[in-house]
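**Student:** Residue strings, one per chain:
Protein chains: 2
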Amino acid sequence: MHKYENISDPVIKRLPRYYRFLGELLEKGVTRISSKQLSDKMGFTASQIRQDLNCFGGFGQQGYGYSVESLYNEIGNILGLDHNYKAILIGAGNLGKAVAIHMSFEKRGFSLIGIFDNDPAKIGTTIRDLTVTDLDDLEKFCTENKTDAAIFCVPKTAVAAIAARLHALGVKNYWNFSHYDLTIDFDDIIVENVHLNDSLMILCYRISDANDAQHLSEDQ
Amino acid sequence: MHKYENISDPVIKRLPRYYRFLGELLEKGVTRISSKQLSDKMGFTASQIRQDLNCFGGFGQQGYGYSVESLYNEIGNILGLDHNYKAILIGAGNLGKAVAIHMSFEKRGFSLIGIFDNDPAKIGTTIRDLTVTDLDDLEKFCTENKTDAAIFCVPKTAVAAIAARLHALGVKNYWNFSHYDLTIDFDDIIVENVHLNDSLMILCYRISDANDAQHLSEDQ
Numbered sequence: 008m009h010k011y012e013n014i015s016d017p018v019i020k021r022l023p024r025y026y027r028f029l030g031e032l033l034e035k036g037v038t039r040i041s042s043k044q045l046s047d048k049m050g051f052t053a054s055q056i057r058q059d060l061n062c063f064g065g066f067g068q069q070g071y072g073y074s075v076e077s078l079y080n081e082i083g084n085i086l087g088l089d090h091n092y093k094a095i096l097i098g099a100g101n102l103g104k105a106v107a108i109h110m111s112f113e114k115r116g117f118s119l120i121g122i123f124d125n126d127p128a129k130i131g132t133t134i135r136d137l138t139v140t141d142l143d144d145l146e147k148f149c150t151e152n153k154t155d156a157a158i159f160c161v162p163k164t165a166v167a168a169i170a171a172r173l174h175a176l177g178v179k180n181y182w183n184f185s186h187y188d189l190t191i192d193f194d195d196i197i198v199e200n201v202h203l204n205d206s207l208m209i210l211c212y213r214i215s216d217a218n219d220a221q222h223l224s225e226d227q
Numbered sequence: 008m009h010k011y012e013n014i015s016d017p018v019i020k021r022l023p024r025y026y027r028f029l030g031e032l033l034e035k036g037v038t039r040i041s042s043k044q045l046s047d048k049m050g051f052t053a054s055q056i057r058q059d060l061n062c063f064g065g066f067g068q069q070g071y072g073y074s075v076e077s078l079y080n081e082i083g084n085i086l087g088l089d090h091n092y093k094a095i096l097i098g099a100g101n102l103g104k105a106v107a108i109h110m111s112f113e114k115r116g117f118s119l120i121g122i123f124d125n126d127p128a129k130i131g132t133t134i135r136d137l138t139v140t141d142l143d144d145l146e147k148f149c150t151e152n153k154t155d156a157a158i159f160c161v162p163k164t165a166v167a168a169i170a171a172r173l174h175a176l177g178v179k180n181y182w183n184f185s186h187y188d189l190t191i192d193f194d195d196i197i198v199e200n201v202h203l204n205d206s207l208m209i210l211c212y213r214i215s216d217a218n219d220a221q222h223l224s225e226d227q
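Heads up: the protein sequence lines correspond to chains A and B, in order.
Position one of the first sequence corresponds to residue 8 (my numbering), numbered consecutively onward.
Position one of the second sequence corresponds to residue 8 (my numbering), numbered consecutively onward.
Heads up, some of the hints might be wrong.
Because identical chains share one entry, a pair is satisfied inside a single copy or across any pair of copies.
[Stated by the list, open to error] With a Cα cut of at most 35 Å, we get these calculated DSBU-like pairs of lysine-lysine:
#1 Lys35 with Lys153
#2 Lys179 with Lys35
#3 Lys93 with Lys43
#4 Lys48 with Lys35
#5 Lys48 with Lys153
#6 Lys43 with Lys153
#7 Lys114 with Lys35
#8 Lys43 with Lys129
#9 Lys48 with Lys20
Think of the hints as simulated: they come from the structure by calculation, not from any bench.
Extracted from the complex, chain A is given alone in its bound form (with noise of 0.2 Å):
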């Protein structure tokens, strides 16, 4: 596997968009693709799109372009998509649920081992082909099971008291559905946060933005 330095954080913010599209063409057959037709399809300049997959090494051949093959192997190598992260989730609620059914966990770089809550209407239900544990048997499971990630599905007057559980166990990994802010209890632990309420003020934000400027160019 290549070991890539020093990529900056919006190149690896656009790597999955990069993966998606070219699994796209992969499954239509599409074997070699230029930066121009990337671009077309992207919304990227051809250039940036250039620039950032040279920060790889550069697939391309200049006037043959990319293998779309090589390209797409190549990103899920540097996003580490083959290592099969152990995850578990905790919270069966609505949320947890769907993203306990609704993501393909195997195919972006992890397997779903455990789901918990401590609701005991919960507790005992199945999930996936997994049976929803006692929040109590953490500890026993994450001892017994390898666990690399947690991913949180609770409110946010929860999550502390969890992260804090999991981080003794040395489970610092985290997706983070919950609005809690989890950085400031750690700073030895990696984050992925999914802010839903927060991305739907940043649309209401933009409408009524967009809204604004509108009415102001209709007053002139």
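Got chain A sorted already, so can you dock chain B onto it with the hints?
**Tutor:** The following block gives chain B in isolation, referenced to the frame of chain A:
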């Protein structure tokens, strides 16, 4: 309502977080806070916070800190949360259902007024207090009910056709959970994406990158 111009994108993206934190402080009965205290709680530097809040005219008085309530209300105004935009949700599967039930739309500037699906097994069922409507009735519904925004919780292969129908109806603001990039088809829309697969792959990258770095340092 104040109108602020030229607020940079990074500042906009931080606004919901300020709003959340200030809301929590209000609930706890805190009336004033200094940028230093906000900084400790939020993980931004105090100078960044002062700089951000200065974009809106600066609410702080030297030595007195900020009035939590004024700042909270003002950021709510800037976000446009009092607008009550009418939103419909397309796709009543696991994810759509979770989004419908889980979100407090009213607190985030929206109200959810309709849920649509094309699956006969889902049409007619109730989610929240809404009956799932046949997607065939989309035009009728949007003509009869002022609709400001649509939420996509459908597979990516279904998005383009539905977006084209909504766009023709004048519904051009989208909260998009599908892995389909709507900006490729339209240049006069507002989209806020929640790409869960991309987020999970970025978590995978960060874990594998940190592990690689650890191995490299162990090698030395």
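**Student:** Given identical chains, is Lys35 near Lys153, meaning Cα to Cα at most 35 Å, within a copy, between copies, both, or neither?
**Tutor:** Neither. Shortest intra-copy (38 Å) and inter-copy (39 Å) distances fail the 35 Å Cα cut-off.
**Student:** For the identical chains here, do Lys43 and Lys129 meet the 35 Å Cα criterion within one copy, between copies, both, or neither?
**Tutor:** neither (51 Å within a copy, 42 Å between copies)
**Student:** When no copy is specified for Lys48 and Lys20, does a C-alpha distance of 35 Å or less occur within a copy, between copies, both, or neither?
**Tutor:** both (17 Å within a copy, 26 Å between copies)
**Student:** Between copies, within a copy, both or neither: which fits Lys93 and Lys43 at Cα up to 35 Å?
**Tutor:** Answer is neither: 38 Å inside a copy and 39 Å across each miss the 35 Å cutoff.
**Student:** If the cutoff is 35 Å on CA atoms, where do Lys43 and Lys153 land: within, between, both or neither? Let me know, please.
**Tutor:** This pair counts as neither: shortest intra-copy Cα distance 44 Å, inter-copy 40 Å.
**Student:** Go through the copies and call it for Lys179 and Lys35: within, between, both or neither, with a Cα cutoff of 35 Å.
**Tutor:** between (39 Å within a copy, 29 Å between copies)
**Student:** Pop the pair Lys114 and Lys35 into one bin, within, between, both or neither, using alpha-carbon distances up to 35 Å.
**Tutor:** For Lys114 and Lys35, the Cα distance is within 35 Å only inside one copy (18 Å; across copies 43 Å).
**Student:** Is the C-alpha distance from Lys48 to Lys35 at most 35 Å within one copy, between copies, in both cases, or in neither?
**Tutor:** within (14 Å within a copy, 49 Å between copies)
**Student:** With identical chains treated as interchangeable, where does the CA-CA distance between Lys48 and Lys153 reach 35 Å or less: within a copy, between copies, both, or neither?
**Tutor:** between (40 Å within a copy, 32 Å between copies)
Hint check: violations occur at hints 1, 3, 6 and 8; the rest are consistent with the structure.
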